[in-house]
Every structure is written in structure tokens, then in C-alpha cells.
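Position chain B relative to chain A; hints supplied.
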Amino acid sequence: MVGDALSLEPVVVGVVLAMAVVTYATKTGGLWLLNRIETTERLEAALSVLPGAIVIAVLGPELASGGPAEWGAGVLVVAVMWRTESILLALCTGVVSVVLLRGLL
Amino acid sequence: METDSETDSSDGDAVGNGDAADDRGAEPVTFGREGIREGLVTCVPVAVGVGGYGVAFGVLADQVGLSVAEAVLMSAVVVAGASQIVAVELWADPIPIAAIVITTFAINLRYSLMGAALQPWFKRLSAAKAYGSLFFMADENWALTMRDFRAGNRRGAFLLGSGIAVWIFWVGSTVVGVLAGGAIGEPARYGFDFVLAAVFLALAAELWEDRSSLVPWLASLGTALVAAELFPGRWYILLGGFAAALAEVIRRGR
Numbered sequence: 001m002v003g004d005a006l007s008l009e010p011v012v013v014g015v016v017l018a019m020a021v022v023t024y025a026t027k028t029g030g031l032w033l034l035n036r037i038e039t040t041e042r043l044e045a046a047l048s049v050l051p052g053a054i055v056i057a058v059l060g061p062e063l064a065s066g067g068p069a070e071w072g073a074g075v076l077v078v079a080v081m082w083r084t085e086s087i088l089l090a091l092c093t094g095v096v097s098v099v100l101l102r103g104l105l
Numbered sequence: 001m002e003t004d005s006e007t008d009s010s011d012g013d014a015v016g017n018g019d020a021a022d023d024r025g026a027e028p029v030t031f032g033r034e035g036i037r038e039g040l041v042t043c044v045p046v047a048v049g050v051g052g053y054g055v056a057f058g059v060l061a062d063q064v065g066l067s068v069a070e071a072v073l074m075s076a077v078v079v080a081g082a083s084q085i086v087a088v089e090l091w092a093d094p095i096p097i098a099a100i101v102i103t104t105f106a107i108n109l110r111y112s113l114m115g116a117a118l119q120p121w122f123k124r125l126s127a128a129k130a131y132g133s134l135f136f137m138a139d140e141n142w143a144l145t146m147r148d149f150r151a152g153n154r155r156g157a158f159l160l161g162s163g164i165a166v167w168i169f170w171v172g173s174t175v176v177g178v179l180a181g182g183a184i185g186e187p188a189r190y191g192f193d194f195v196l197a198a199v200f201l202a203l204a205a206e207l208w209e210d211r212s213s214l215v216p217w218l219a220s221l222g223t224a225l226v227a228a229e230l231f232p233g234r235w236y237i238l239l240g241g242f243a244a245a246l247a248e249v250i251r252r253g254r
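As you go down the protein sequences, you meet chains A and B in turn.
Just so you know, the first sequence maps onto residues 1 to 105 in UniProt numbering.
Just so you know, the second sequence maps onto residues 1 to 254 in UniProt numbering.
The following block holds chain B by itself, in its conformation from the complex:
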């Protein structure tokens, strides 16, 4: 494993706004302990919020009759909160296998778009590092990683580090949820349900560049709002992303 021998001073004091210009730069993307540590530390407060949802998932899993081991296995290998919660809500006897697996796929399809957004940096990593890191990708740590990359840092291990933080809290809180049952109460009581929105709002505040963001953002917003009314699950995220990409291609084509 290479180490991050170079400090990030070279690209830390960004001249531009860390946009397309540095994507094409010849500088390599590092993958080392510093990136893992930085990702982990940055993500811990966010992961606490994820834990609030892990408890809620554990409670639901317990109600439908999953054992501690089964619920923990699901959290440990699937690592995708929204789809797990929907899956246990669909749970019945006999288990509707096809419905659960297809719904899981549909809800998580948005991750393909998130993974695609990481490509300008991840294409510089080895396949093992890139695809290994993606196992740990969740909404929250994707947002933090995107933010780190856009700030001009080139720490390829940030997604892995922040993902490990999410994974530990997600799996740990699942155990708590199954064992504690309904004794803990709703995540909304502690504001945990607002963590995802807060992280994404913070990222939006940073991603806004100038008026050139306006057209794709409005395309995404409009499409997502309409699609959320028309389609179940999380299709609106995928459709919003596609609409923005299309709008930008048309805008630049003119």
C-alpha cells in the first residue's frame, strides 16, 4: 500500500474552484492510511445519525421475526439502509423473495449514479481498491467523499475510511435495535431523520458554483419532485440525475 507521503499543500490552496480542471491533472490519486483516517474521523458524527436509523431497522427486523444474527448479517453485507428497511417491511411468511430482491435493486439503483460521479478520481485507482471501496458506499459517505474530492484533495481512500465508520455504526446499531426492541423510540425524536438532509444541504452549499449550476439543478429538482409523486421507491433520484445531465449536454451544445 502506498502512503500519502505528499502533504496536500500543493493542491490545498485551490486557485480554481476544484472543478473540471483538476480532474484532468496528472497528479495521482493516493490511497493510504491518511485517507482512511481522515474519512473515518470526518464521518463519525454523521455515522452517529446513521446509527439512529440502524436502531429503527433493528426494531423492524425484530418485529418481523429476524434473529439478531440474521439482521446483523443483512446490515453487514447489504449496507444500504433505505432498501433494508423496505425489505423487512415486505417480509412475510413465506418470504416474497422476488419482490424483496427486485425492490432492493430498484431502490439502490441510485448508487450507480453516485459511483459514476466518483469516476474522474476512481479511474486512477486499481480495480481492487476502487471496487472494494464501493462496497462501503452509502449516501452519507458518498456526499462527504464528493466534498473532499471537490475541495481538491486526492485521497482515494476517503470513501473507504468514511464507509468503515458508517458500517461500524450501522451494524452496531442494528444489534441495539433488535435487542432493545421498541424501548428506544423514533429516530425523529432525536433529529436523526434530519442528518441525511443536513449533510446533503451542506454539500449543496459547497457544490453551487455560479449561475451555470442553475439549469441542471432546476432540471433535477423539477424532475425529482414530479417523479417522487409518480413512482415508488427512489426512482426520482436516478431520473433527476439523468435530467440534469441531459440539460447540461443540451446547454453546452448550444
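In isolation and in its complexed conformation, chain A is listed as follows:
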């Protein structure tokens, strides 16, 4: 069984490496492109809203597919964040409350 666990099939390794290459291209592509084009006022305006926009685009569908337990825990995370500015506290609150709320609701 040890031999099985450590086996590396050439085809599998090839697919995995191809996945790694395209993933690395996506991770670096944005920076690479921006480093190559001239920064204009418009581009700066677009870049300045990007972090918030990405965060909202991730959260929207994620929370929409959730239910009351996720929404309640989400409200608590934001409240804790505003009060304490501690990401650790907000994270723990979110995870604990989502588990509790799922049990209750």
C-alpha cells in the first residue's frame, strides 16, 4: 500500500503541472499587465475601488445562497469588526455563531 500511496502517474503529474502553470498565470497576470501599461487617472479610479468590489462580488452570491444562520453570523462578524477591529475575534465569532445558529434554526 505504501507503494500505492507514493505512486505518481506521469499523466496525472502532467495534468497537475498544467493546472499549476495556468493558475500561476492567473495569479501573476493582473500585476504583469498593470506594470506594463501607463497609469492614467481613469485606471487609478478603477483600481481604487477594486478591493471593495472584489470583496462584495465574492460575498453577494455566497451569502445569497446561505440562510438565516449565515446572515445572522454575518451581522455579528461585521458588528464585532466595527467594535474591536480584531480580525481574529471577528473570525471566531463568525465560526462559533454559524455553528450554533445552524443548530438552533
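Incorrect hints may have been included.
Partial list, computed: chain A residues near chain B (C-beta under 7 angstroms) [as the list claims (entries may be wrong)]:
hint, residue
1, V49
2, G67
3, L76
4, L89
5, A90
If you're looking for bench data, these hints aren't it; they were derived computationally from the structure.
For glycine and all other residues, C-beta sits at the position ideal for the given N, C-alpha and C.
Quick look at chain B alone, frame taken from chain A:
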């Protein structure tokens, strides 16, 4: 390697809200041990949640017949959770190579936008440091890094440090998942599925500036919700980001 000789007291007590003003500042972005350590320590609790997903990935990989070595190799070199889980769900005999590689690319395209958002700081780093760090970028540590930069810190190695934490837990939990099989149970049981949402909500609470955020955020939210219904994978993140950028350019143009 330079060290972070300067403490961050100079920009720690932020006068403004750490927005565009400090992006253009002449102050360099540092890249040293302090940034790596700070990123690593900050990210460990988040990385535990990532580990919950690594176990789930390992279980799936085992079910489709990947060996421990193959699953670990994938986690170690791809380092992109959602796309790996989808890839093993597509796995069959013979392996649908084109479908897997193209799907991986499509799901991960959102990282280009995340990398672009780091550019105001990363353009000040050498190519080796910037592109080396980006290998370790995942959703969670991108969010933590963005938060650190926006708070006025200029620790360029934060992404690398937090990424190392994600990588260790991701690869380690993959091993656990493959070996333990289905014995561990769903990540949702422990609330791990909520970690990403919690981190992003915390970041949203900090990124909100004033009413000027409203237009781009609504543009992003609306577009993402519609796109999530219409398109498979994670296209909605990319489209939401583009919609917000476009809305902001139009808003400022008036």
C-alpha cells in the same frame, strides 16, 4: 534581503483613511522578516479554516483514485482550493485533460483582479519578490494582505508570510484528507465553510469608507448576483469587479 529597520510608527497613526494618498507616497515598501512573520501569525487562525477545506479536498481526491503523492503535489503546486476541488470532481478515466485545465483557468481568473488590486504596493517590489509572493496568493491571505496595506502598513512580505501559513495548512490537511477518507465529516459541521465569508465580511467592514463606496459596491453586488445565476464557476467575481471599476470611472468622470 532588507530588513524592516523602521518601525511602522510613522504611518501607523494614520491621519487619513489609508486611501489613495499613501499609495503615491515616496515611502518604500519593505520586504523583510518582520512582514513574513506578521503575515504568518495573522493568517494562522484563518489557515486552520482553509485546512478544513484541504481535508475535504483530500477526501475527494482519494475517492477518484489519486494517490497521496499526487494529491499533495496538486495542493503544493496549484495552491487554489476551489479549482482543485472542481478538478477532482471532473476527474475520470481517461482524464479529461482539456476540460480540467480550462476550468482551472476560468475559476482562477479572479486572481488576476486580486493581483491587480495589489499593484499600487507591489510595483515597488523587485520582480522576483512580487511574482514569487504571488505564487502563494489565495483568497484568504489576499484579503488579509489588502487589509494590512490599507491600514497604512507597507510590509511587502505580508502576502508571502500569510501565504506560507495557508500553504502549510492546505498541503498538510490534504494528506489528512486522503489518509482519513470519509471518517472526518463535512467542513460545514465545524463552521469551516463560513471562514472565507467571515474574513471577507471583516474586510468589507474596514473597506467601507463613506457614501462614495456605495455606487461601485452596488454595481459589483448587482452584477455578481446576476452573473452567479447565469454563468458557471467564479466568473461572477471577475464581472462584479469590472462592473464596479466601470461605475467608478463613470462616476468620477461626471
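Each hint tested on the structure:
Taking 7 angstroms as the C-beta contact cut-off toward chain B, the hint placing A:V49 at the interface holds, the least distance being around 4 angstroms. Hint status for A:G67 relative to chain B: violated, with the closest Cβ pair at about 12 angstroms, above 7 angstroms. A distance limit of 7 angstroms between C-beta atoms decides the matter here; for A:L76 the minimum to chain B is near 9 angstroms, and the interface restraint is violated. Interface hint at A:L89: violated, since its Cβ lies 9 angstroms from the closest Cβ of chain B, which is beyond the 7 angstroms cut-off.
Checking A:A90 against chain B: minimum C-beta separation of about 4 angstroms stays under 7 angstroms; hint holds.
Checked against the numbered hints listed earlier, the structure breaks hints 2, 3, 4; every other hint is satisfied.
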